[in-house]
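There are 4 protein chains.
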Amino acid sequence: MAIKTKAEYIEDLKAVRPDVYMLGEKVDRVWDDPRFQSTLNLIGATHDFSFDDEFKDRSVVHSPLVDEPVRRLNMHLQTSREDAVIKARLTREVTQRRICTWCQSNMVCMEWTATYDTDQQHGTEYHPRYQEFVKYLMRNDYDLAWAMMDPKGDRTVPPSKQKNLTGVKIIKKDAKGLVVRGCKVHTSYGPCIRELVVVPGRTLGRGDEDFAVSFAVPVDAPGLHLIARPAPGRSWPEADMECPIGSTLGAVEAMTVFEDVFVPWERVFLCGEVDMTGQVPHYFGRIQRQSKCACLAGHTDLVVGLAALVAEVNGLSMKTAHIREKLTRLMLHAETAYGCALGAAVDGETHPSGVYLPNGLIGNAGCHYIKTLVGDHIALLHDIAGGIIVTMPTERDYRNPKLKQWMDQYLGGNEKYTTEERLRVLHLIQEAAASRWTGYFMGWGISASGSPMTAEVAVRSEYDLDKRINIAKKWAKI
Amino acid sequence: MAIKTKAEYIEDLKAVRPDVYMLGEKVDRVWDDPRFQSTLNLIGATHDFSFDDEFKDRSVVHSPLVDEPVRRLNMHLQTSREDAVIKARLTREVTQRRICTWCQSNMVCMEWTATYDTDQQHGTEYHPRYQEFVKYLMRNDYDLAWAMMDPKGDRTVPPSKQKNLTGVKIIKKDAKGLVVRGCKVHTSYGPCIRELVVVPGRTLGRGDEDFAVSFAVPVDAPGLHLIARPAPGRSWPEADMECPIGSTLGAVEAMTVFEDVFVPWERVFLCGEVDMTGQVPHYFGRIQRQSKCACLAGHTDLVVGLAALVAEVNGLSMKTAHIREKLTRLMLHAETAYGCALGAAVDGETHPSGVYLPNGLIGNAGCHYIKTLVGDHIALLHDIAGGIIVTMPTERDYRNPKLKQWMDQYLGGNEKYTTEERLRVLHLIQEAAASRWTGYFMGWGISASGSPMTAEVAVRSEYDLDKRINIAKKWAKI
Amino acid sequence: MAIKTKAEYIEDLKAVRPDVYMLGEKVDRVWDDPRFQSTLNLIGATHDFSFDDEFKDRSVVHSPLVDEPVRRLNMHLQTSREDAVIKARLTREVTQRRICTWCQSNMVCMEWTATYDTDQQHGTEYHPRYQEFVKYLMRNDYDLAWAMMDPKGDRTVPPSKQKNLTGVKIIKKDAKGLVVRGCKVHTSYGPCIRELVVVPGRTLGRGDEDFAVSFAVPVDAPGLHLIARPAPGRSWPEADMECPIGSTLGAVEAMTVFEDVFVPWERVFLCGEVDMTGQVPHYFGRIQRQSKCACLAGHTDLVVGLAALVAEVNGLSMKTAHIREKLTRLMLHAETAYGCALGAAVDGETHPSGVYLPNGLIGNAGCHYIKTLVGDHIALLHDIAGGIIVTMPTERDYRNPKLKQWMDQYLGGNEKYTTEERLRVLHLIQEAAASRWTGYFMGWGISASGSPMTAEVAVRSEYDLDKRINIAKKWAKI
Amino acid sequence: MAIKTKAEYIEDLKAVRPDVYMLGEKVDRVWDDPRFQSTLNLIGATHDFSFDDEFKDRSVVHSPLVDEPVRRLNMHLQTSREDAVIKARLTREVTQRRICTWCQSNMVCMEWTATYDTDQQHGTEYHPRYQEFVKYLMRNDYDLAWAMMDPKGDRTVPPSKQKNLTGVKIIKKDAKGLVVRGCKVHTSYGPCIRELVVVPGRTLGRGDEDFAVSFAVPVDAPGLHLIARPAPGRSWPEADMECPIGSTLGAVEAMTVFEDVFVPWERVFLCGEVDMTGQVPHYFGRIQRQSKCACLAGHTDLVVGLAALVAEVNGLSMKTAHIREKLTRLMLHAETAYGCALGAAVDGETHPSGVYLPNGLIGNAGCHYIKTLVGDHIALLHDIAGGIIVTMPTERDYRNPKLKQWMDQYLGGNEKYTTEERLRVLHLIQEAAASRWTGYFMGWGISASGSPMTAEVAVRSEYDLDKRINIAKKWAKI
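Chains as they are written, first to last, in my numbering: chain A, 29 to 506; chain B, 29 to 506; chain C, 29 to 506; chain D, 29 to 506.
Derived by calculation from the structure, the hints in this document are not laboratory data. Misleading hints may appear alongside valid ones.
Simulated DEER-style distance windows between Cβ atoms [to be verified]:
#: 1; chain 1: D; residue 1: LYS347; chain 2: B; residue 2: LYS84; range: 45 to 55 Å
#: 2; chain 1: A; residue 1: PRO92; chain 2: B; residue 2: HIS90; range: 54 to 64 Å
#: 3; chain 1: A; residue 1: GLU443; chain 2: D; residue 2: GLU377; range: 40 to 50 Å
#: 4; chain 1: B; residue 1: ARG183; chain 2: A; residue 2: PRO92; range: 51 to 61 Å
#: 5; chain 1: D; residue 1: GLY151; chain 2: B; residue 2: LYS191; range: 53 to 63 Å
#: 6; chain 1: B; residue 1: ARG183; chain 2: D; residue 2: SER188; range: 32 to 42 Å
The list that follows gives simulated cross-link-like pairs (lysine-lysine, DSS-like), each with its CA atoms no further than 27 Å apart [said to hold, decoys possible]:
#: 7; chain 1: B; residue 1: LYS501; chain 2: A; residue 2: LYS347
#: 8; chain 1: A; residue 1: LYS432; chain 2: B; residue 2: LYS32
#: 9; chain 1: C; residue 1: LYS197; chain 2: C; residue 2: LYS54
#: 10; chain 1: A; residue 1: LYS444; chain 2: B; residue 2: LYS502
#: 11; chain 1: C; residue 1: LYS501; chain 2: B; residue 2: LYS191
#: 12; chain 1: A; residue 1: LYS432; chain 2: B; residue 2: LYS502
#: 13; chain 1: D; residue 1: LYS84; chain 2: C; residue 2: LYS505
#: 14; chain 1: B; residue 1: LYS32; chain 2: A; residue 2: LYS34
#: 15; chain 1: B; residue 1: LYS84; chain 2: A; residue 2: LYS505
#: 16; chain 1: C; residue 1: LYS502; chain 2: D; residue 2: LYS347
#: 17; chain 1: D; residue 1: LYS502; chain 2: C; residue 2: LYS432
#: 18; chain 1: A; residue 1: LYS432; chain 2: D; residue 2: LYS197
#: 19; chain 1: C; residue 1: LYS501; chain 2: D; residue 2: LYS84
#: 20; chain 1: D; residue 1: LYS432; chain 2: A; residue 2: LYS54
#: 21; chain 1: A; residue 1: LYS501; chain 2: B; residue 2: LYS501
#: 22; chain 1: D; residue 1: LYS42; chain 2: D; residue 2: LYS32
#: 23; chain 1: D; residue 1: LYS505; chain 2: C; residue 2: LYS432
#: 24; chain 1: B; residue 1: LYS444; chain 2: C; residue 2: LYS197
#: 25; chain 1: C; residue 1: LYS42; chain 2: C; residue 2: LYS189
#: 26; chain 1: C; residue 1: LYS501; chain 2: B; residue 2: LYS432
#: 27; chain 1: D; residue 1: LYS34; chain 2: D; residue 2: LYS54
#: 28; chain 1: B; residue 1: LYS42; chain 2: B; residue 2: LYS32
#: 29; chain 1: B; residue 1: LYS201; chain 2: B; residue 2: LYS163
#: 30; chain 1: D; residue 1: LYS42; chain 2: D; residue 2: LYS54
Note that this is a predicted model, so its numbers are computed, not measured. The beta-carbon is built from N, C-alpha and C at its ideal position, and this holds for glycine as well.
Sequences are here, hints too, so could you generate the full structure?
Following this line, the structure appears as C-alpha cells:
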C-alpha cells in the first residue's frame, strides 16, 4: 500500500531542497537539523499512526479515488456522517496524546468542494485538475502544507488597494501557467512537507481578481522561500526533564514568500474568479471547526491528566473538594466540546461534490465555547500545581550531585512518588503552563482554525433568528 | 390508528375520578376546572402534534410492539441512534414553541431497560409484565405520570431508618399483589393523566427492601391522593396580554400520597430487589439528560426570540453592538446545548433489551452547561427589555379608556409597531422574566431532569480519569 | 427634631389627594388601600430607622443646612469621604434586611450639584431655589419621588422630533412659572410620597430646549396623574407563609402623567439650558452607582442567608462540598461589590458645591460586576432549594387539616426543624426565586440605577486608555 | 537621608558573598552576572523610585521609628487607613509600569504585628528585637528577602512527622543563639538581597515546637545556600525586540537551604511558641492580599495597554465592537480589583502594635476575583493579537537584510506604524502571552500572595454567615 512510515516520510524530504531560513540563517538540510526534529516527529507520527495496532482499523481507510488505503486524518475525503464521526473520535484520541493530528484531510475536502463549486459556476476545469492532484498526494502519501492566511496589511482596504502587496497575486499568465508573487503567513509545518497548497484567505470583491488564486506547488519551487520559526523546545541541550513535550513534538511555523513563482496550469485551482474566493473560508468554517471541537476536547483531556497528576504528586486528589471541583470542571469542558464535534457531524449534509459537510452552527458554537476556556485551563494548571512551577531549581541544578542531594531531601511530596518523579511532573507542568511551549499550546487553542470571534460571526450568520422572532410574535399576538 | 386527538384525550379523562386537591379543596371535575386548562392544553398539544402537517412525518412513528403508529416523544421505544437524533431535533422544535414535549417516551424506555436488567439478574418476570403495560398504554394512547422523586426527609438516613415514612413502602404482599403506603413529590401533570408509574428515585441498600418497589396504577386507584399546585396563569380573569404563555400552557404539579394503595402483581415491576434500585436513576441520567439538552436548547431559542423582539419594539436591533453580542451569546448557548444532545445521540449504545442508550458523559456535560446558564437568560431579558417590565401600568389600566389614551401616547417605541403591540411584547417579557411563570421556567431549566450537581457527578463518575493520568505520566516519564 | 416616625409619615399622606390609579381604577385613599401597605411599610421603615437603637447613631445625622438632625440615607447632603463610607455601610445593613433604603439622599445631592453647575455656567439662580426646597424637605421630613426616566419613544430621534410627545415638555412660560406636559416612567414609590422632583433623563442637544426642564411639584398638583403598578404581594388574602417579604415590603411603581401642570418659578431648577441636561445623569453615575454596589452587596447577603437556610432545612450545610462552594461564591460576590462601594468612596473628590462625589470608575465597575450576577443568584436558589419550590402544595393546602396531616408526615427534612418550619422556608425561597416578587428583585438588581451596559459605558469613557497605551509603547520602544 | 539609589544598592551587594547556584553552577559575583541584571534592575527601581519627580512625594515617607525618610512600599510601617490607601494607589501605578513593587513593607508589618502578639501572649521579647532589626534595615536601606513558604512534603502529616525534613527546624539552642536546618522555597529576589527573614508558613500544632521559628540572617550567613532559578529573559544575546520586558526586569527565584545556620538571639523572633505560628499567615491574608488587589489591577492595566496597542498596529481599535467589548471587560476587571484594594483599606482596623490591618473579607474577595481572571487576560492577548505571535519570523530573521526586506514588505499593518513598529509590538505581545515570561506573569498573578483557594477559605471563615441565616429565619418566621 501507499502509506509511508515516518522513516519513509523523512526519506522523501531528502529529495527536495526548499529555501528555508531559521533564526536569520539558511537551513540546508532540514531533515538533519535538530531544530526540525520535533516537527518531523509530529508529522512522522501521523504516518506511523497507520501502523499502530490499537488504531489502525480506523486510522487507515480505503480511498475509492485511488483504490488504496490512505491515512484517514491526513488524506481521506470525508463523504459521510460516519466519516465525520470517526474523524472526531480519532482526533480526540490523538490530540490528548500528541497534540496535533495534522488534519490535512479537512483541507483536502475544502478545496475539493470549492473547486467543484467553481466549475459549476464558471464552467472551468479546476475540479478534475484538483482530483488529479489529490490522487498524486494519495499515491505518494505526500503531506501538504496549507497556505491560506494572508498577512492582513491595512484591514480596511482590499488587496488591490494596499500600499504594499499583501497576499498572493497573479503577476503573469501565459499558455504554460501563472507566475505569482506575494506572501502567506502561518504556514504550519511548511518546511517539513513536500507540497504546498495556496488558497484564498478571505472573500474578495470585484477589482481583486488578481488575488483570486489557488494552486499547488512543490515546496522547493523556484522563488519559494520559507522563513521558519523554531518550535519551542529545549532551552539547553540536555533538557530531558524540563521540556518533555517540546523536545519530542513541535510545529515549525513559517512565513512563506512567493518571489515570482511559476505554477503550471495543471496545478491551478482558481484564477480570477473573485466570486468564488469565499468558498474555502466558508467550508473551512464547517469542516475545520468540527474537527477543532474534537481537537480541543483532546487538549482539555491532556490538561485533565496533567492537573490530576500534579495534584497527586503534591499529595492531593479527587478526594480534596476543590481539586475535585476543578478537575470536574475540566472534564465538563472536554465532554461539551466533544459533544459539539459529534453533534456537528450528525446534523450535516452532503455537498454535490460528494464531501460531507458537518453542521456549521454547532461546530462553530462548540469551537467558541472551548476556545474561550483555553486561558482558564492554563490558569488551572498554575492554580493546582502551585507557584513552584515558576520558582523551582532547574534540571541542571538537579544534575549537580551536591544540589541534587538537597533537592531530593527537601522537594518530595506524596510519598508514593520519588522526589525525582515529583520533579519530573512539576517540570512537565512548567512546560505546559509556564514556558514558551505554553504560548504555542494557547495559540493552537485560541487562534488556530479561527479566532473565537470568527466562530461567533459564523453562528450569528447561520442562526435562524427570524424563526424565533416569529415564535415570540405569536406569543405576543402581534 | 390508536393515536388520540386532544379532544379524545380529554374525553378519556372524564372516565376517571382521581382524588385531586387544589388550594386546599377537593376538585371534582378536573377537565372542567379552569385552573387545569393550561395543563390540558399542554398534554393535548402532544396529541395534536401527531396531526400537525409540518411535523407528523416525525412526530408519529410506527411501533413494532403493537404494530401501530404511536406518538414518538410520548410513547416510542427508542431503539437506534437515529431515534435518539430525531427525538433531539423534534424536542428542540417543540420546546422553543410550547415549552414542554412531555417526554414520557424516555420514561417508557428507562423502565423497559430496568425491568430487563432485573429479570436477567434475578430471574424475575417484570419485563414481560412491563411489556404488556406498555402495549396497554400504546393501544389506548394513555399518557403516564412519572412518580420518581421521593420527599427527601433526613438525607443522611436511609428510608428504613427515617423517623417519618418517606418514599413509597410495601406494607403488605399477598397472592393478588401489593399494598403500598407513602408519598412521591414532583408528579408533573399527574392530575391530568390516566396512569401513574412509580419507580425508585435513588439507589437503596440492604435493609431497604420494602422501599425497592416499582409499579403502575390508574390515577384513580383507591387510596391515591394528589395535592395539585396550580400552574402559573392569569392573575385576574381578563388577563389576555399579561400572561399569554401561562394562560395557554402550564403544568399542574402534584404531591402524590399513597394511602395503602393496592397494586395487582401484573402491574408490579420491582419488589424488594434493592440491588436494582439504581437502574432507573442510572438510565435516567443517560436517556433523559440527552433530551434535556435539546429541550433547553429550545428554551434558549425561545429566549432568543423574546429578547430580539423586545429589542426591536424598543427600537434596537442586531445592529446595536451590545444587543448583537447578547443575542449571539444566547445563540451560542442554544447551539452548544443542542450539539451535546446530538453528540450524546451519536456515541451511545444499544442495551440488550433493545433500548438505545445515549452517551452519558456528553448528555450530562451538555445539561450541566445549559442548566447553569438559565439564570443568565432571565437576567438578559431584564437587561434588554429594561426596568419597564416591572414598572409599567397593568393590562387593566390599558382597558380604562382614559388611561389607555395616555399610555398610547407616551409608551410607544419603535415606530414600526403600535403602542399596543409594544405593550403586548413588554407584557410577554414580563411574564417570561418577572412573573410567577418565570419561576416555573427556571425550575424546568434548573431542577427538572436533575440538578446541575447531578450532572456533574455523573460526568465525574464516567470520565476515564486514569487514562488521562497515564498519558501525563508517560510525558513525565514516570 | 424634624424626623418623623412612620406613623407621622402616613399622617402627612392623608393631607394630600393625588390622582392615583391602580388596575384601571381610581384610588381615593392611598393610605387606606391594602395594596399600598407594603410600600407604606417600606418608606415608613426609613423613618423608623432613625429611632432604631442599633443604628440611630449612624442613621441620623445633623444637617448644617437646617441645623437639625435628618435621616442620613434619605435627606443628608453627602459632603465628605466619610459620608460616602458610612452611607455604603448602612446601605448594605439595610438592604440585606429590608431590600431598599429609598436612597433619596443621593437624588438630593445630584440635583444640588447640577443646579450649582448651571448657575455657574449661566448665571441663573436655580441653586439657591433648590437649597430652599431642600430645607423645606428637611424641615418637614418629606420624602421625594424621583421622576427622571423618560419613556424612550423612538430612540434614534431627539425629543423635539418624536412623532408623539415623550418626556416632559415646557408648553408655557410666564411671570408666575411654567406649564409642563408629558410623562415620566419608573416613578418608584410616587403615590406614597409628598413631593415629586423631575429631572432630565439624558443629555439633550440644541433644539430640545423645551425638554430641558427640572422642577419640583407636590404629588397632588393639578394635572398630575399617577398610574400605579401594584407591588407583588399576596395571591390570596391569608397568604402568610407564601409571600412573607412581599406582604410586608414592596414598591408601588408608577407612570406619571403631566397634563399641563403648573410649576411656580421658585420650584423650577432648570429651564431651557440644554447644555446642562447631562449633569444629573453624570452625577447619577457617580453618586448612585456607588450606593448601588452596597445595595446589591446587601441583596447578595440576603441570598446567602436564604440559600444557607434552605440548605439547612433540607439537611445540607457548609460541610457539603458543593453547598459550601456555592455559598462561598455568593459571599465573594457580596464582598467584592461592597469593596467597590467603599473603594469608590475613597477615591472621590469634593465638588465646588460641597457635595462629595465618589469615584465613577470603581462605582460603575462594581455595579457592572454585581448586576451581571443577579440572574445567577436566583438560579442558585433554585439549585440549592430544589424543584420543590415550584411543585409543592400551597399554603391553603396546609390549612386543610387532612392535607396538613399528609404534608406534615411526608415533607419534613432536617430533623432539627419541624415540617412547618421547613415549609415556611421553602415558601420563602419560592417567593424569592419563583414568584412575581422575583421579577421585582431582579429588576431592582439589574435595571434600577442603570443597566449593566450603562455602567460599562461609564467605565469605558472614564478609563485612561491612552496612559496604558503609552506604557505599552514604551515597552515596545516605539 | 538613608534611602539609597540603585547604584548604592548594587554597591551594597558587593560587600557580601552569598552561596548562590544557578543552572547547576556556583555564581561568584551576582552583581556581575548578566543573568541577575534584570533582578537588580527591578530591585534597583524600587530605590530609584524615591528620586522620581512624579512620585517621590508619595514613594518616600518619613519613618518616626528612625526619624528619617524611607521607601514607602519597601520599608514603611503602615499605621493608618491613609497609609493603606496610598499604598494601594502607588502599587497600581508601579505594577502597571514595571510589574512588581517588591512590597516588602507588608512583610515588615506582618512580622511587627506577629512579634507583638507573641510577646503579649508569652511575655517574650521578640518585638523589641524585631524593632531593632527594622531600624537596622531602615537606616541601611537594606532590602529583605522573605522566606515563608515551606516545601510541602506530605501534606497530610505535620513537619515533625515527615519522613524527610521539610521546613526549617531548630536543631540546637544555646546561650548565643540557635542553629537551624532545613529549607524554604519561593525566595523571590533572595540572591540579590542582603537580609533574609524566615517566618512560619502555616499554623503548627503541639509537637512541632522545633519548627516554630522565625529569625533574620544576612544572605551570606555560613551554611545558607541559594539555588537560583533564572528569570525569563533573552533567548539569544541580541534579543532586543523579542523580550523587552524580561531583558529589563525580572525576578530570580530561589530555593533556600539552611545547612546548620547559626542565628544569634538578637535576630530570633519566634522560637518554639507553636500557638503563634498562625499569626504571620493570618496577617499575610489581611495586609498582603489588599496590596495584591492593587498589584493585579496594575497588571490588568498593563494588559489593557498591550491589547489596545496590538489592536491598533493591526488596524483595529475601540471603534471595532468586539475589540471595544474586550478592552472594556479588561478595564472593568482592573477597576473592580482596585476598588477592593481601596475598599479593604477603608474597612480595616489598627492593631495594638500600631500596624493598620486592612479588611480581610474585601481584600481576599478582590484577590480571588482578579486571580481567577489571569488566564483569561493572557487568552485575550492571543485573541486580539492573533496567531501571528506564535508563527512570525524571529528577530534574528529581521536582522538578515534579505529576510528583512520581505518582512518589511509583507508584515505591515496599520499604516500609521512602520512594519518594524508593528513587529516590535507583536514581539512584545509574544513575550507577554506566549513566552517563558508569560509563565512568570501568570505565577505572579495566580500563585503569588496565595492561591485563589486560600482567598476563598479566608472569606468563608470571616464572613458572618449566622447573621444572614438569622435574617432569613426572621423572614420565614421561624
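Verification of the supplied hints:
Taken as a hint, the range 45 to 55 Å holds for the pair D:LYS347 and B:LYS84, whose Cβ atoms sit roughly 51 Å apart. Look at A:PRO92 against B:HIS90: about 35 Å separates their beta carbons, and that is not inside 54 to 64 Å. Distance hint check: the CB atoms of A:GLU443 and D:GLU377 are about 43 Å apart, consistent with the given range 40 to 50 Å. A C-beta distance of roughly 60 Å is found between B:ARG183 and A:PRO92, which places it inside the suggested range of 51 to 61 Å.
One distance hint, 53 to 63 Å for the beta-carbon pair D:GLY151 and B:LYS191, holds here, with the actual separation near 54 Å. Checked against the hint of 32 to 42 Å, the pair B:ARG183 and D:SER188 passes, with Cβ atoms roughly 39 Å apart. Using a Cα cut-off of 27 Å, the hinted pair B:LYS501 and A:LYS347 holds, with the two alpha carbons roughly 20 Å apart. Straight-line distance between C-alpha atoms of A:LYS432 and B:LYS32 comes to about 80 Å, which puts the hinted pair past the 27 Å bound.
Straight-line distance between C-alpha atoms of C:LYS197 and C:LYS54 comes to about 26 Å, which keeps the hinted pair within the 27 Å bound. For the given pair, A:LYS444 sits about 17 Å from B:LYS502 by alpha-carbon distance, which is consistent with the 27 Å threshold. Restraint check for C:LYS501 and B:LYS191: the C-alpha separation of about 72 Å exceeds 27 Å, so the hint is violated. Note on A:LYS432 and B:LYS502: the hinted pairing holds, with a Cα-Cα distance of about 23 Å set against a maximum of 27 Å.
At most 27 Å may separate the alpha-carbon atoms for a hinted pair to count; D:LYS84 and C:LYS505 meet this at roughly 25 Å. With a C-alpha separation of about 65 Å, the suggested pair B:LYS32 and A:LYS34 falls outside the 27 Å cut-off, and the hint is violated. For the hint linking B:LYS84 to A:LYS505, the alpha-carbon distance of about 25 Å falls within 27 Å, and the restraint holds. Between C:LYS502 and D:LYS347 the alpha-carbon distance is near 23 Å, which keeps this suggested pair within the 27 Å criterion.
Simply put, D:LYS502 and C:LYS432 have alpha-carbon atoms about 23 Å apart, close enough for the 27 Å limit, and the pair holds. Annotation: proposed proximity of A:LYS432 to D:LYS197 holds, straight-line Cα distance about 20 Å (limit 27 Å). A C-alpha spacing of about 24 Å is found between C:LYS501 and D:LYS84, which places the hinted pair at or below 27 Å, so the restraint holds. The straight-line distance between the Cα atoms of D:LYS432 and A:LYS54 is roughly 14 Å, inside the 27 Å bound, and the hint therefore holds.
Annotation: proposed proximity of A:LYS501 to B:LYS501 is violated, straight-line Cα distance about 57 Å (limit 27 Å). A C-alpha spacing of about 14 Å is found between D:LYS42 and D:LYS32, which places the hinted pair at or below 27 Å, so the restraint holds. Of the pairs offered as hints, the one joining D:LYS505 and C:LYS432 holds, with about 19 Å between alpha carbons and a cut-off of 27 Å not exceeded. With a C-alpha separation of about 24 Å, the suggested pairing of B:LYS444 with C:LYS197 holds against the 27 Å cut-off.
For the proposed pair C:LYS42 and C:LYS189, the alpha carbon gap of about 41 Å is over 27 Å, so the pair is violated. A C-alpha spacing of about 60 Å is found between C:LYS501 and B:LYS432, which places the hinted pair above 27 Å, so the restraint is violated. A distance of roughly 25 Å separates the Cα atoms of D:LYS34 and D:LYS54; the hinted pair therefore holds under the 27 Å criterion. Proximity of B:LYS42 to B:LYS32 is assessed by CA-CA distance (about 14 Å); at most 27 Å being required, the pair is judged to hold.
Only pairs whose Cα atoms come within 27 Å are accepted, and B:LYS201 paired with B:LYS163 is accepted, the gap being roughly 26 Å. For the hint pairing D:LYS42 with D:LYS54, the CA-to-CA distance comes to about 16 Å; that is within 27 Å, so the pair holds.
The structure fails hints 2, 8, 11, 14, 21, 25 and 26 (numbered hints given earlier, in ascending order).
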